[in-house]
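S.K.: Next come the chains, spelled out residue by residue.
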Amino acid sequence: MGRYLLRRLGFAVLLVFVVSSAALLLTRLAPGDFAAMQGVDLSGDERDRLRESLGLNRSLPEQYVAWLGGIARFDFGQSLLYSRPVSALIGERAVNTAVLATFALLLATFLGIPLGIYTGTQTGLMRSLVRAISLVGISVPPLVGSLALVFLAARTGWFPVGGMTSSTGMDLTWTQWLTDLARHIPLPALALAIPMAATLERLQSEAIESASRERFVAASRARGIARARSILRHAWPVSLRPVLGLYGVMIGSLFSGSFVVEVVTSWPGLGRLMFDALKARDLFLVAGCAATGAFFLAAGTLLADLLLAYTDPRVRTGENA
Amino acid sequence: MIRRVGIFLAALTLFALVAPWLAPYEAGDAFRGFLHAPPMRPHLDGLSPVVHPLVLADRLEQRFEPDRSRTVRLPWVQHDDDAPVFLLGADDFGRDVLSRLLYGARTSIGLALVATLGAVLIGALAGAWAGYRGGWIDDAIMRVADFVLVLPVIYVVLVLRAVLPLVLPPSTVFILVVWIFVAVGWPFVAKGVRAIVAVERSREYVQAAQSLGAGPLRILTMHLIPACTGHLLVQATLLLPAFVLAEATLSYIGLGFPEPVASWGTMLAGAGNYNAVARFPWTLTPAIAIFAIVLLTNLLTSQPRRNQA
Chain A
0 MGRYLLRRLG
10 FAVLLVFVVS
20 SAALLLTRLA
30 PGDFAAMQGV
40 DLSGDERDRL
50 RESLGLNRSL
60 PEQYVAWLGG
70 IARFDFGQSL
80 LYSRPVSALI
90 GERAVNTAVL
100 ATFALLLATF
110 LGIPLGIYTG
120 TQTGLMRSLV
130 RAISLVGISV
140 PPLVGSLALV
150 FLAARTGWFP
160 VGGMTSSTGM
170 DLTWTQWLTD
180 LARHIPLPAL
190 ALAIPMAATL
200 ERLQSEAIES
210 ASRERFVAAS
220 RARGIARARS
230 ILRHAWPVSL
240 RPVLGLYGVM
250 IGSLFSGSFV
260 VEVVTSWPGL
270 GRLMFDALKA
280 RDLFLVAGCA
290 ATGAFFLAAG
300 TLLADLLLAY
310 TDPRVRTGEN
320 A
Chain B
0 MIRRVGIFLA
10 ALTLFALVAP
20 WLAPYEAGDA
30 FRGFLHAPPM
40 RPHLDGLSPV
50 VHPLVLADRL
60 EQRFEPDRSR
70 TVRLPWVQHD
80 DDAPVFLLGA
90 DDFGRDVLSR
100 LLYGARTSIG
110 LALVATLGAV
120 LIGALAGAWA
130 GYRGGWIDDA
140 IMRVADFVLV
150 LPVIYVVLVL
160 RAVLPLVLPP
170 STVFILVVWI
180 FVAVGWPFVA
190 KGVRAIVAVE
200 RSREYVQAAQ
210 SLGAGPLRIL
220 TMHLIPACTG
230 HLLVQATLLL
240 PAFVLAEATL
250 SYIGLGFPEP
260 VASWGTMLAG
270 AGNYNAVARF
280 PWTLTPAIAI
290 FAIVLLTNLL
300 TSQPRRNQA
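These protein sequence lines are chains A and B, in that order.
The first sequence: position 94 = 93 (numbering that gives the first Met the number 0), numbered continuously.
The second sequence: position 126 = 125 (numbering that gives the first Met the number 0), numbered continuously.
These aren't lab readings, by the way, just hints derived from the structure by calculation.
Using N, Cα and C, we set each Cβ at its ideal position, and we do this for glycine too.
Careful, some of the hints might be misleading.
To be verified - A partial selection of chain A residues facing chain B, derived with a Cβ cut-off under 7 Å:
{"#": "1", "residue": "143"}
{"#": "2", "residue": "158"}
{"#": "3", "residue": "160"}
Could you build all of it, start to finish, from the sequences and the hints given here?
M.R.: Put into structure tokens, the structure is as follows:
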């Protein structure tokens, strides 16, 4: 277990390093630098002076080594676009993305898993209905879902059409800010959660259906344990293995989805920040965003794997399942 | 299953090719007096379907009303440029949404199909080579594939596209975006192909081919890759909707096709902010088209599992 954990941590560090380096190098090699993207009224001389003041005229290896040196001291450099430290900028935005992603994940879990248990163990009209809805739900990608929800919100006024807080949210008290957030978060979170909830429902349904056919479930029924208890206490834990496996895969699509949703609903998150940084060729900010994204990704998959190991003793002891 | 997927892909290719011919107007035909005209409902006059032409009722509010005293035949039957027929409404330039949807189908589905073909081809070759040769080549290819698989697709596409020149002619955009999609799509294909080939290469029919003097290239292309047909087709139906969606996302954020080009992404980008969307919901029809493609492929791949159970 310790060795396994160490190997996974090593991969995570490598992932963050490679992804952020690649992002920095690609942005540096891209046609047009930050100075070239600034205003139309700058003369060539002024652009050159801007380059010099920002250190953009240094050679690629020189710049890369300087950036690496900074990383070693946890200094991610200065954003050219916002003239602020990259770490401070990312700190603000990453929290917003994390809030959105966590909320969407919880929503998907609390919708998908119970419904999956229901459709996997019950019969009747209700089950067919839920299945049909979830087949439609799988087919609503976050881009389509968020556009549809923005349309719904604009038409009905049920919830705010975008943003994370109202524009007057500057000097709110803590509780006011929280209620404001609670009003803004359902739309983007729902757009993200719908396909995930549907995927979870389908998988949980199949998993618990096959787990219910196992002999130890029949044995538990024979011992006189009620059906509901036998499903929840005996069949469900076993069926969790493929479901938890899916969480590791879903982290990636959660990221892709949250980028789209952030853009459509103007949620001030990491995706939006990275997009703006890319367009302005703000290379340190791009690299910082990529590093943060890779870190979240590695942490998410690691967490999913650990959860899997925790619930399945076969993984914990290294026995082949 | 294989047959059904094959038929589906062939039908989709055919649709992407002929869709522009079904369009009543050209993609760029702009009717200046009909900005954001709403969809018109056809009804039967005797045996031929007709519509009431639209008259601008309020220029400030951009509100149209049907002129019930007159009727116009559908544009496939009779073109009348003074009284255009918008079955799915008009966009902010007064262009027919239905026509742009059909032209956009060629761009969006066409791009996705070409990219899918590329990803399947390269994935099959890379996976088969890795599985057949084994050793360090296998390790190297699969490490790269695993690494690409971990990354969130949209971000990779976004970075790769954003570091290229931002303003490009549409044909260049098409080729570049196809290559980017192939670069992120091939590992999905390669992993499965490698697994199948690694098992199949020790089968008797491969040994028979080897003993008859067939070279590795012949064995790979004539024997081992055909053994993966089912996997390749399934992967194709998974990649296709993902690529349609990725094109829409890229164009929506302004990194895909430039404006006059009709694609589902540029149409969604043109739908504008929530205000415009609420007033002119018909500009969101490309979203329904994307949903339909995703739903179709999901129905196609989810059916057989239900039969087994």
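S.K.: Each hint: holds or not?
M.R.: So, going through the hints one by one against the coordinates:
1. 143: 5 Å, holds
2. 158: Residue 158 of chain A check fails; min Cβ-Cβ to chain B is 12 Å, beyond 7 Å.
3. 160: Holds: closest Cβ of chain B sits about 4 Å from residue 160 of chain A, inside 7 Å.
When held up to the earlier numbered hints, the structure conflicts with hint 2 and nothing else.
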